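Top line first, the protein sequences correspond to chains F and C.
With this note's numbering, the residue at position 174 of the first sequence is 176, and numbering never jumps.
With this note's numbering, the residue at position 5 of the second sequence is 7, and numbering never jumps.
Calculated from the structure, these hints are not laboratory results.
Here the structure is a predicted model, which means the values were calculated and not measured.
Built from N, CA and C at the ideal position, the CB exists for glycine as well.
Some hints could be false.
[Claimed, not checked] Derived lysine to aspartate or glutamate pairs resembling DMTMM-like cross-links, with alpha carbons at most 25 Å apart:
(1) F:Lys56 x C:Glu45
(2) C:Lys56 x F:Asp43
(3) F:Lys205 x F:Asp154
[Unchecked claim] Covered stretches of chain F, going by a simulated chain C footprint (3 or more residues, C-beta under 8 Å):
(4) 9-17
(5) 28-37
(6) 47-54
(7) 90-98
(8) 167-175
[What the hints assert, rightly or not] Label pairs and their calculated CB-CB ranges:
(9) C:Ser130 x F:Glu191: 51 to 61 Å
(10) F:Pro123 x C:Val180: 52 to 62 Å
(11) F:Thr155 x C:Thr193: 53 to 63 Å
(12) C:Gly122 x F:Val199: 57 to 67 Å
(13) F:Arg163 x C:Gly23: 36 to 46 Å
(14) F:Glu99 x C:Arg163: 57 to 67 Å
(15) C:Ser130 x F:Asp41: 51 to 61 Å
(16) F:Gly102 x C:Thr193: 47 to 57 Å
(17) F:Gln39 x C:Arg172: 34 to 44 Å
(18) C:Ala77 x F:Glu99: 52 to 62 Å
(19) C:Arg196 x F:Met118: 49 to 59 Å
(20) F:Asp41 x C:Arg163: 30 to 40 Å
(21) C:Glu99 x F:Tyr159: 47 to 57 Å
2 protein chains.
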Amino acid sequence: MSDYPSILLEQAVNQMASLPGVGRRTALRLVLHLLRQSDHDVEAFSTAFTRLKKEVLYCRECHNISDSELCPICASTRRDHTTICVVENVQDVMSIENTGQYNGVYHVLGGIISPMEGIGPKDIEIDSLIERLTKGDIQEVILALPTTMEGDTTNFYIFRRIQNAGVDVRISQIARGVAVGNQIEYTDELTLGRSIVNRIEFKA
Amino acid sequence: MSDYPSILLEQAVNQMASLPGVGRRTALRLVLHLLRQSDHDVEAFSTAFTRLKKEVLYCRECHNISDSELCPICASTRRDHTTICVVENVQDVMSIENTGQYNGVYHVLGGIISPMEGIGPKDIEIDSLIERLTKGDIQEVILALPTTMEGDTTNFYIFRRIQNAGVDVRISQIARGVAVGNQIEYTDELTLGRSIVNRIEFKA
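Kindly generate the complete structure, drawing on both the sequences and the hints.
See the structure below:
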């Protein structure tokens, strides 16, 4: 006999425990919480994830998660489309938006170069960034990647790619007000906001 | 514009954040983790909860979660069906099973009496417990409820109900004392005091 009194329960716990940072005991507690909700609520819970997975789009310009082909930021005429802020992921866009300090557009790489994890330049949206720069009227690229070795590697790689492409654009990176070793999404808004205002020009 | 770049994403985060102890930032991280999984995996994740909710049964004897009308413990001929251990919930059954120290059957109340939360005796499986005692050949009832005021209240209420029913059965409650492996000096005074009052004779 399994530890669980029900195979259905065990399967639900297994699924919940597959989420990062959720242990089996917590998973059981969460599943039993769900079980106490109404049929309708459990249905709504489950549907939200399958719908997101099936219907989600990625903005054709910045590659951020979007409900339409062009995300609200890229579609906005109020934003400065001559400045592109390059970030690792969706959370980073939300974090920078929350500072209220940035009015340009974004480019979501969907990861950073990490030889340790086998993530190379081709695995993330760098080619499409270069394409945006060669096509559009871009004045400045702000690199807002994590202040880690992987972030620095990616910064440098992008810098060289832009140089090689012969695009005339100012390249900056966010000020090192962000503590070294920290992730962008966990930085407090004040520090993150200042680091954008005080961005420094990228020099190899 | 909402904080989220996608309404679908926001809805998924809302659902994840509806789980107890899951904040919005954690919810976003978990949802984006799910989004990186395959269609099949996300489908399996969602289905586990709706299936559990739709198909789960409760044992007609002990009211534990079960895949069949009678749970594996109540259906087992190897268990001692003359001893019933009364517990608050499913997790408690699993915890006691994991000790390997108990071979009787269970009765899952599905809660404990809590006037503060508006949970009375009629809201939990006490009537069905008394019914089991009057019908069956039960020798002992072990009360294994939380050592809280609510647990004590429920213990006492069940004790009186059994007395009033005129059932001849031994009633016990789990021992309270210093947890195994704990230092005396770090044990709270109430527990330590009780463990002295309720001391047991030393047998080598």
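Exercise for the section: Go check the segment 47-54 of chain F versus chain C for me, would you? Three or more residues, Cβ under 8 Å, otherwise it fails. Expected result: Answer holds; 8 residues pass the 8 Å Cβ test.
Practice task
Go ahead and decide if the range 57 to 67 Å is satisfied by the Cβ distance of glutamate 99 (chain F) to arginine 163 (chain C).
Solution key: Once the Cβ atoms are compared, 59 Å apart, the range 57 to 67 Å for arginine 163 (chain C) and glutamate 99 (chain F) holds.
Exercise for the section: Tell me if chain C covers the segment 9-17 of chain F under the three-residue, 8 Å CB rule, please? Expected result: holds (count 7)
Exercise for the section: State, for the Cβ atoms of arginine 163 (chain F) and glycine 23 (chain C), whether the hinted interval 36 to 46 Å holds or is violated. Expected result: 43 Å, holds
Problem - Pairwise hint evaluation, aspartate 154 (chain F) against lysine 205 (chain F), where the allowed Cα distance is 25 Å at most - result: Judged against 25 Å, a Cα distance of about 12 Å means the pair holds.
Exercise for the section: Using the Cβ atoms, figure out if glycine 122 (chain C) sits within 57 to 67 Å of valine 199 (chain F). Expected result: 59 Å, holds
Exercise for the section: Given that the segment 90-98 of chain F was listed as covered by chain C, double-check it with a C-beta distance under 8 Å for 3 or more residues. Expected result: holds (count 5)
Practice task
Indicate whether the distance between the beta carbons of threonine 155 (chain F) and threonine 193 (chain C) respects the range 53 to 63 Å.
Solution key: Distance hint for threonine 155 (chain F), threonine 193 (chain C) holds at roughly 55 Å.
Problem - Straight-line alpha-carbon gap lysine 56 (chain C) to aspartate 43 (chain F), limit 25 Å - result: 12 Å, holds
Problem - Assessment of proposed distance window 30 to 40 Å (beta carbons of aspartate 41 (chain F), arginine 163 (chain C)) - result: Because 33 Å falls inside the window, the suggested range holds.
Handout entry: arginine 172 (chain C) and glutamine 39 (chain F) - C-beta distance against the hinted 34 to 44 Å
Key = 39 Å, holds
Handout entry: Cβ contact check, 8 Å cutoff: the segment 28-37 of chain F against chain C, three residues minimum
Key = It holds: at least three residues are needed, and the segment 28-37 of chain F offers 9 whose Cβ sits within less than 8 Å of chain C.
Consistency note: the structure conflicts with the earlier hints numbered 8, 15.
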